[in-house]
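Same order as they appear, the protein sequences are chains A and B.
Residue 1 is where the first sequence starts when you use our numbering, and the numbers rise one by one after that.
Residue 1 is where the second sequence starts when you use our numbering, and the numbers rise one by one after that.
Please keep in mind that the hints were generated in silico from the structure rather than gathered at the bench.
Backbone N, C-alpha and C define an ideal beta-carbon position, used for all residues, glycine too.
Some hints could be false.
As the list claims (entries may be wrong) - Only some residues are given here: those of chain A computed to face chain B with a beta carbon under 7 Å: (1) V96; (2) I97; (3) L481.
To be verified - Think about it this way: if two alpha-carbon atoms lie no more than 25 Å apart in a straight line, the pair counts; the simulated DSS-like pairs of lysine-lysine are: (4) A:K142 with B:K109; (5) A:K127 with B:K203; (6) A:K348 with B:K142; (7) A:K142 with B:K142; (8) A:K101 with B:K161.
Said to hold, decoys possible - Computed spacing ranges between beta-carbons, pair by pair: (9) B:E146 with A:A396: 40 to 48 Å; (10) B:P97 with A:P172: 48 to 56 Å; (11) A:D80 with B:A31: 57 to 65 Å; (12) B:T199 with A:H111: 29 to 37 Å; (13) A:E482 with B:S197: 48 to 56 Å; (14) B:P184 with A:A373: 48 to 56 Å; (15) A:P359 with B:I162: 15 to 23 Å; (16) B:T155 with A:P172: 56 to 64 Å; (17) B:R154 with A:N291: 49 to 57 Å.
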Amino acid sequence: MSGLFGHVKKNHSQAEAADETVDNKAEPPGQAGSEQATAEPQATEAPGTSHEGVRFSVGIDLGTTHCVLSYADLSKDEDDIQQQVMAVPQLTSPGVIENKKQLPSFLYLAHDAEIAEGSTALPWREKAEYLVGDIARNLGSKTPIRLVASAKSWLCHAGVDCKQAILPSEAPEEVARISPFQATQSYLQHLKDAWENQHPDAPLAAQDLIITVPASFDPAARELTIEAARSVGLNQAQLLEEPQSALYSWIDNSDGDWRQHVEVGDVILVIDVGGGTTDLSLIAVTDQHGNLELTRIAVGDHILLGGDNMDLALAYTIKAKIEKAQGQRLEGWQVEALTHACRDAKEKIFNQVELDNVPLVVPGRGSSLMGGALRSELTREEVDRVLVEGFLPEVAVSERPVVRPRSGLRTQGLPYAQDAGITRHLASFLARQLSAVDELEAVNLPENASFLHPTAVLFNGGVLKAEVLSQRLMKVLNGWLEAEQAPVARLLEGADLDLAVAQGAAYYGIVRQGKGVRIKGGTAASYYVGVESAMPAVPGLAPEVEALCIAPFGMEEGSTEVLSDNEFGLVIGEPVRFRFFASHSRREDKVGMRLDYWTDEELQELDEIEITLPEDGRQQGQVVPVHLSATVTEVGTLELHAVSQRDEHRWKIEFEVRTGAS
Amino acid sequence: MKNTYTIDLTLMPTTLDLWHVALIASILVLALVLIIVLLSMLIGMSRRARQSRSATAKPEVKIVEVEKIVEVERIVEVEKIVQAPAPEPIVLKESTPDAALQLLGLLQKEARFIDFIKEDMNAYGDADIGIAARVVHEGCNKVINEYFTLETLRTEQEGSKITLAKGFNATEVRLTGNIVGEAPFTGTLIHKGWQVSDTRLPKLTRGHDASIVATAEVEL
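With the rest of the complex left out, here is chain B (with noise of 0.2 Å):
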């Protein structure tokens, strides 16, 4: 068969027509575009890649700092509770099941907290569970006092009457009963709330798994 796809180098134009240039340009913007889109998907990927190291001081040490917890306590309530507090979503996304685990670890060791929620309570008198109580309030306290700072929301006396001028921190008091009319609102304080203001939680190894709340214990 004859070749009939010989290239004719005289038949490509020596002048540069308006087809011509139009098209190289838009060549010339869909390579930029497509510089652009590679390279944010790069920045993006280092970065989350940064970010979940970032947790550890230095790369190449095993240590993951656990995100602090969320504040549970901030409602100050000016009557009963009666919903829980807002979810914060961002703070919740990143939050993981590990700081919660790892507060119950803590709870368990120092105050056997999982082992008095587990234990029938029917079984005992009020002795005992007020001896068991001792032992599970202390813990908590220590707990409490040795990874957080607690503060409280309202200095006022619970009970007292108070005044919430114009903008007052909605996260912080909630208004409860008859809500009507403007700023500023009075009414009685029932609970003054509390704030964690600091959290120190222990740090945990890489391979640590919090789900353990309590080892198994073989004396040999």
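Bound conformation, chain A alone (with noise of 0.2 Å):
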């Protein structure tokens, strides 16, 4: 996998005519057993290797609050390869159509009544099956009960089945409700359809396509992302995980001169605060064979903060100016208008240094504009004692998140972060992956470091475009390596924060043809399973359980870790469950290693996993005699199989067992 570095060469075929069947790659893997043959198509040919027929690389950000395509026409020569974001057609309102840059990851469930016949069609299509878009943004904001939001948070939410129809979850028993599962195709689905209107000669299952995941997403969030994909035909979708997809896009838009820009010995930290996720990931840049190599070294933990909360935060303040100031209390509908007017408040102040002071107006609902209008303003101090000192606080870089116990009446919702304060969740991240550069000889850290030291820094996500923000993040950042007198991170200039996850991806079609540099990644966590020790039962406790470590951290795209000393004895036709868990800093556990202590933040627990040996002509009852492997795929998602120690047969396990039980 390394070997593509160096300088991009003139040495593709050129991809001819856009038309040609698909030369299908996808082929189920000699493994895998019968039973699981239909279920695990797999991208089997070796990266960089050129596709005939495939005319455009295609990179979907498939965002939390938004949804980006963006594309390359491969059959261009070299120089001339140009990125592009599509515009996509989407309802805006019943009956009209506007083609946007970015498709709102909403998903609006219509009451019959609700929508004029004929008023849902899309370019190819008479009716909607669901309202995706900018269409299900609007009609939501005022009928929040049938509105999904969020749905890619909850593929990655341990404790629900994403398959279960459990969206809107505030929905009343009437509305017919689909799972995040359903959501995610849906929004696949309309890209799909967008793109093969606009390109009817270019099928998109014939693309390279890449879609983008956060770092932190769990094996079982991926594994269904690349499900949803193949489940609307887009078999030889890969993923790609956000950070580094912002980096390529900063390589792109270097046009080569990147290397001007880093050194062996960098640490790049990528900052992708997007509207409802933040981000984080580590980049090393190291020497291999005289050229700069680039590999991913630490992911951070999935932190569901974002935009969307900076936004609610600021429309709080006003609410509770606006309540004490004049003693009414705001209906939710005003609220939510509150939060649009604070949304472009804020952006005029961060873009705008002499504005103090935006006034806010939300007029009345009905036809008076002038009666019932609620007036405000948002000042500058509002929005640095809210925003920056709230989201971006000065803090030692040994203050960590605050977590508070959840109360335990909470409704089953999303787990967002407790603690706003992105600089100690990103001071957390940092001393928790110390030792992250521990193995590169280049990178070193100073003796007395407690924590990572990067030394540049990328930001991505529309909310960093705010200077005052980045700037904010910086001196913070800055601020900590002065302490420890290490030298200041700079800042990596020249993306483009809304859109460079989708052109990323793009890009990094055209790298696996071989024409950059590649970003070496492999797993961003360590994943154990736990076991039961041997120790004699003590009445009224539960067993003690060991975390058996099944697949080390970095593990690359197609290798494959077996754990044949460690043998287990499953009942054929009962299903098995073992408990799941995954590390973002234990790097140095090797598969097969058995951990009898371990800290919560060391491991963190995922959902369960589950074996079902079918019968297959054995019988009912029987044990047999299994041990476990690990394989990455190509397309980059994780799979565990139990196989036989008698005849080698091999059973997929299943991730996505969530139990519901939270």
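Can you join these two chains into the complex? Each is in its own frame, and there are hints to help.
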């Protein structure tokens, strides 16, 4: 997987006409047992090969709040390959279709009486099954009980079954709910239809397709994303982590000049603050036979904290101000309108240095514009206090996010971050990853370092377009570095923070053809199954659990690890469940290691995994000795198998057995 | 009665005389004319049908693209506005009310434009009107920026002296005041002019009633 670095060569065979049939690279892997062959078509072609018949490299940023599709025409000459973001036709209100670069990741379950016949037609469909995009967000802002939002965050939410119809979680009984998986499918289907409408001669299923996921996505969420893509016919889709994609986009934008901006020994911190999530990654720059090499060395936790929280925080500040000054309670729709007004006002304050306050007006809902208008203003002081101090407080690097015990009566919902201080999350991440560069010769941390010292920072996500916020982040980070006499980190400029992820994904498609630098990644965590330790049972106490490492940190795509020394007896026909753990910081654990003690910070428990051995000519109740094997597919997902000790028969272990016992 | 209409084939001329040749020729000419007329009618009809369909990207899909709206302010004035822009009959002929209604709908949606215009201004003080004006201005600004690309026709400073060479575009620049003599003309630029260089109005589904510029809203 190395050796792809160095200067771009002009060697690819020009992909010719667009409309050849797909040379379907998806083949079931030979090792798959018969009962699972249908479930896992898997791309097996080696990365970096050039594909005949593929005309475009397409990247889809499947965001929490927005989806973006970017593409590059591979049939063009090397130097002419241009990234383009596709304008996605979508309904904005009933009967009205607009082309927008972003497809809001919202889905609206309309009531039959709500929508006039024929007013949900799209250029490719008479009647949309589900309303997605701008129209969903617009209708949903007035009828939240029918709005599905943040489906992506649910995919990574331990404790719920993502294929169960659970959204919208606040909907009354009569609303036919859908699953987070279906919502993801719908967004992909919309993008696919939009693409095929604009490129009738180049079906999306025949193009190189990269879908981005947060680096912090667990194996089950990655699997679900790939499965959703396959279910809409996009069998060739591959996954790429968003922070890596942002870095690819930066490399692409630098027009080959990126080597001048980084050097061997650099540690690039990618901070991605999106609409709904914050994602952190560390990428090291090392030397490989005289060429620069990039290796993703660490990823952070899945933090549900983003730009939407900021707008909401401002709206609630203004709400409190109005209620205090005018003594009137604001209604839900007013808060909603206030949130919109705050979003625009905040951007004005960020962009215009001389502006100290922006008036906010929420007009009445009736046809009289003057009567009942709500008036207030957003001041620079409030923005500084609520956003800058609230979300990016100047804290010491030793501070950690505050975790309050959840109240027992919490309704089932997303596990939003309890501490809004992004800088505290960052401090915690860097401190935990202190040992991430231990194995790299090029990176030398001083003895006294209490956290990993990044030398460069790349921002991503629309939130950080605001200079006030990005400068504050740099200031806090550099403050930490200076306190430990380390050189300050520099900001890597020139990325389009809104579209970088999609563009980077499309660029990655080009990289995969061997035309640019590739970031080495591998698994973002090490994985463990819980096994009962062999000790005498103590009445009243659950047996102690040991964590058995089944996949180490940084396993590369296409590699397999086998735990042949650890034998399990599985009973035919009976589902067996394992507790399943992941660690973002224990990178030295090897396959087969057993941990009998760990801290909550080291190992996070994921959803249980389940194996059911089908009868298949065997007798029910029979015990089959198996060992476990872990594979990282070329697509970028983790697959676990139970392998029979006797005849090498393999059974796939399912991730998506979310017990719902949260 | 005795049948007197028996056709006697022997009476048929056995040789073609000049009159019959002329007769046959004229029949052929007339038939040819008839065919040409019919064909041209057919072509004309099919062309019209295609035109009406050409608005949609694909025939089976019910999207009606609305014609670009007439560029409104394209006149650069050199003193004060005296008359409306010269009508462009070809554009006007093809324009449907849909585009205008659609623009009204957008202005209402984003800027509460109709609400504002229909409001009785006398009932409110300037402070209230000022508050409302913010909503209207912000929304209108958003609509104009989102759906149109506006450019100024002249880049010179307003109030500065400019010289118009011979053959200047009279649809872009309107002369006023003391118009005598021959080009080049020198005068003061009063208004720099606006031109819409791009229009991106949303498309509408076929059944969409653009005349409803704001739906009634009922909260349950």
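A quick look at each hint next to the structure:
no., hint, result
1, V96, "holds (5 Å)"
2, I97, "holds (4 Å)"
3, L481, "violated (41 Å)"
4, A:K142 with B:K109, "holds (14 Å)"
5, A:K127 with B:K203, "holds (16 Å)"
6, A:K348 with B:K142, "holds (14 Å)"
7, A:K142 with B:K142, "holds (21 Å)"
8, A:K101 with B:K161, "violated (43 Å)"
9, B:E146 with A:A396: 40 to 48 Å, "holds (45 Å)"
10, B:P97 with A:P172: 48 to 56 Å, "violated (41 Å)"
11, A:D80 with B:A31: 57 to 65 Å, "holds (59 Å)"
12, B:T199 with A:H111: 29 to 37 Å, "holds (34 Å)"
13, A:E482 with B:S197: 48 to 56 Å, "holds (51 Å)"
14, B:P184 with A:A373: 48 to 56 Å, "holds (53 Å)"
15, A:P359 with B:I162: 15 to 23 Å, "violated (39 Å)"
16, B:T155 with A:P172: 56 to 64 Å, "holds (59 Å)"
17, B:R154 with A:N291: 49 to 57 Å, "holds (55 Å)"
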